[in-house]
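Please build the complete structure, drawing on both the sequences and the hints.
There are 2 protein chains.
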Amino acid sequence: MPVRVVLDAMGGDHAPRNEILGALAACKELGGELELILVGRQKELQPLLTKEGVTSGVRIVHAPDVVTMDDEPSSIIKQRQNSSLYVGLAMVRDHQADAFVSGGNTGAVMATATMLCGRIKGVSRPTIGSFFPTKTGRPTLLVDVGANVDSKPKYLADYAVMGEVYTRLMLGIERPRVGLLNVGEEDTKGTEVARAAHELMKALPINFVGNVEGRDILSGENDVVVCDGFEGNIVLKFAESILSFLKEKIRRYADRGILQKLAVAAIAPVLRTVLRDMDYQEYGGVPLLGVNGVVIIGHGSSSPKAIANMIKRAVEVVQRDVNGHIERALQ
Amino acid sequence: MPVRVVLDAMGGDHAPRNEILGALAACKELGGELELILVGRQKELQPLLTKEGVTSGVRIVHAPDVVTMDDEPSSIIKQRQNSSLYVGLAMVRDHQADAFVSGGNTGAVMATATMLCGRIKGVSRPTIGSFFPTKTGRPTLLVDVGANVDSKPKYLADYAVMGEVYTRLMLGIERPRVGLLNVGEEDTKGTEVARAAHELMKALPINFVGNVEGRDILSGENDVVVCDGFEGNIVLKFAESILSFLKEKIRRYADRGILQKLAVAAIAPVLRTVLRDMDYQEYGGVPLLGVNGVVIIGHGSSSPKAIANMIKRAVEVVQRDVNGHIERALQ
Numbered sequence: 001m002p003v004r005v006v007l008d009a010m011g012g013d014h015a016p017r018n019e020i021l022g023a024l025a026a027c028k029e030l031g032g033e034l035e036l037i038l039v040g041r042q043k044e045l046q047p048l049l050t051k052e053g054v055t056s057g058v059r060i061v062h063a064p065d066v067v068t069m070d071d072e073p074s075s076i077i078k079q080r081q082n083s084s085l086y087v088g089l090a091m092v093r094d095h096q097a098d099a100f101v102s103g104g105n106t107g108a109v110m111a112t113a114t115m116l117c118g119r120i121k122g123v124s125r126p127t128i129g130s131f132f133p134t135k136t137g138r139p140t141l142l143v144d145v146g147a148n149v150d151s152k153p154k155y156l157a158d159y160a161v162m163g164e165v166y167t168r169l170m171l172g173i174e175r176p177r178v179g180l181l182n183v184g185e186e187d188t189k190g191t192e193v194a195r196a197a198h199e200l201m202k203a204l205p206i207n208f209v210g211n212v213e214g215r216d217i218l219s220g221e222n223d224v225v226v227c228d229g230f231e232g233n234i235v236l237k238f239a240e241s242i243l244s245f246l247k248e249k250i251r252r253y254a255d256r257g258i259l260q261k262l263a264v265a266a267i268a269p270v271l272r273t274v275l276r277d278m279d280y281q282e283y284g285g286v287p288l289l290g291v292n293g294v295v296i297i298g299h300g301s302s303s304p305k306a307i308a309n310m311i312k313r314a315v316e317v318v319q320r321d322v323n324g325h326i327e328r329a330l331q
Numbered sequence: 001m002p003v004r005v006v007l008d009a010m011g012g013d014h015a016p017r018n019e020i021l022g023a024l025a026a027c028k029e030l031g032g033e034l035e036l037i038l039v040g041r042q043k044e045l046q047p048l049l050t051k052e053g054v055t056s057g058v059r060i061v062h063a064p065d066v067v068t069m070d071d072e073p074s075s076i077i078k079q080r081q082n083s084s085l086y087v088g089l090a091m092v093r094d095h096q097a098d099a100f101v102s103g104g105n106t107g108a109v110m111a112t113a114t115m116l117c118g119r120i121k122g123v124s125r126p127t128i129g130s131f132f133p134t135k136t137g138r139p140t141l142l143v144d145v146g147a148n149v150d151s152k153p154k155y156l157a158d159y160a161v162m163g164e165v166y167t168r169l170m171l172g173i174e175r176p177r178v179g180l181l182n183v184g185e186e187d188t189k190g191t192e193v194a195r196a197a198h199e200l201m202k203a204l205p206i207n208f209v210g211n212v213e214g215r216d217i218l219s220g221e222n223d224v225v226v227c228d229g230f231e232g233n234i235v236l237k238f239a240e241s242i243l244s245f246l247k248e249k250i251r252r253y254a255d256r257g258i259l260q261k262l263a264v265a266a267i268a269p270v271l272r273t274v275l276r277d278m279d280y281q282e283y284g285g286v287p288l289l290g291v292n293g294v295v296i297i298g299h300g301s302s303s304p305k306a307i308a309n310m311i312k313r314a315v316e317v318v319q320r321d322v323n324g325h326i327e328r329a330l331q
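So the sequences go chain by chain: A and B. Everything in the first sequence is counted per my numbering, starting at 1 for the first residue and increasing by one. Everything in the second sequence is counted per my numbering, starting at 1 for the first residue and increasing by one.
One or more hints might be untrue.
Any copy, or any two copies together, can satisfy a pair, since identical chains are not distinguished.
What the hints assert, rightly or not - Keeping only pairs whose Cα atoms sit at most 27 angstroms apart, straight-line, the calculated BS3-like set for lysine-lysine is:
hint, residue 1, residue 2
1, K189, K78
2, K237, K305
3, K261, K135
4, K78, K121
5, K152, K237
Hint data in this document are derived by calculation from the structure and do not stem from the laboratory. Since we're looking at a predicted model, the values are computed, not measured.
In structure tokens form, the structure reads like this:
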């Protein structure tokens, strides 16, 4: 049985071109495992498919409207019912598709998915996690990175469970190490919410390693690090800014003179290799965990390769029944 | 009138050697502007001073006890009254010295300073800020980085005022740009506390630029970024871990073979220069803002150069009457 993936072809910054190229790359790689449905403006999509020589195998579902980055997430349910985002998620809700993939407005995808598909039984709040590269090469999932702020302790405990299931099934880790992002090791440390969450997490049937500090995210010693979406989003955005910070520093160094320019030209290939796994495009987007339906969200600037990775990720998440495992874990 | 600075000679990891070398370097540079007092075990300090050829100009105040990294901050007031930390801070309280400098247990210094010296009138909570390097080269002060968690909105507004005074007087910036660390631009974004703090900060007579995101700390566009000590400490520790993350990535690359080793050897000088301003040792420690007395806290691993910078920073903070300006700003 192929996995039916709906791709929001209008979502990203370079839509629909990157989406179509990414979709075709995924189809080529996955063959009969994947049934791909493109949702968006038929008149824009069909010619591009034809141009790529695709006459069958990829279905288009027409949706005349598009959600923009300026749309208030809560308004889409009422005002954008003909958007590719809404139409695509409704297909998942109605079991006409198994997964939805989009590079668009993250808040919009999340709000609409939660309202249309509902939460998995037992989930207090759906969450979005993001993988971080680490010293050891083994990525760490930081969760929540912005779905919820002012999380109650129970929400944090649920993020821990969902993150544990996800990394166990998707990365093949037997007993994922799960930590709570905090400001010190002792369980008396941190905010009131962190202390309460610590107690809840201690009682979960997972490999809870206790508090971890800001310096432990990149260490590679933890598979899942749990936090509220407030600090999670701040850390994620800070981390994303580091690459451009380094590039700017290197650029200014090169500007000092011809010798410096030559030195920088010499080191560029080394740095590219070293910093490659800070390239978030490789990770195949991030899952929205806790909704009844598989939803993968990516950066708006996703390349065709990144989009293909997101589709492949969606197929894996369906095949490994991550949502079923989450529901059982939360019983 | 020389500024009287008490240096906790027993505080750091390499005490008292680094402290003495740093102290002598500062004395050499500042001459009559500085009156340096070393506090610690006379029997350990005197021989080292003699060895360095110092017979006058640096005074020793004896303190037989030392606060360790394991001491609970709240216990020092009762149990370590003969420690260099307590004795030194008591000298500031009693106006026998103008400033206290220490590379020791940050929590201990902060708790003891607050209890012994008290808060500047109008300050809700003293705070510790940390400078971050930025794209433009102009550092950004992130405040609070761990003095307080679960800050109320009024505390955040006070951090803004204190940070603004500090950067204005110490960095010579006419109208420091002050932002609130948050998860989006709109003032409806963020936690309940952040939203309330936003409103308070809008009403302050400072150049409040609104919300700034995690990616804006390294941008160089803001002089002060305000946050609760919880996310501040997490971001600070995350940032500190980046250098060792990069070094590890480079090391693993070099391990691949002889060509890679040569490439890394070639790029090492460039990287050292580029990354030099991520060297926190250059910044001269961080001020504890809001206590009645000038207190500069540094890393335990501070080098003699870093300690000299901390002493110089203390002298400047006294000379520019930062505390007087803070009190007036909070009236």
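Results for each hint:
no.: 1; hint: K189 - K78; in the structure: between (44 angstroms within a copy, 22 angstroms between copies)
no.: 2; hint: K237 - K305; in the structure: within (22 angstroms within a copy, 33 angstroms between copies)
no.: 3; hint: K261 - K135; in the structure: between (29 angstroms within a copy, 18 angstroms between copies)
no.: 4; hint: K78 - K121; in the structure: within (25 angstroms within a copy, 53 angstroms between copies)
no.: 5; hint: K152 - K237; in the structure: both (23 angstroms within a copy, 24 angstroms between copies)
In terms of the numbered hints stated before, the structure departs from none.
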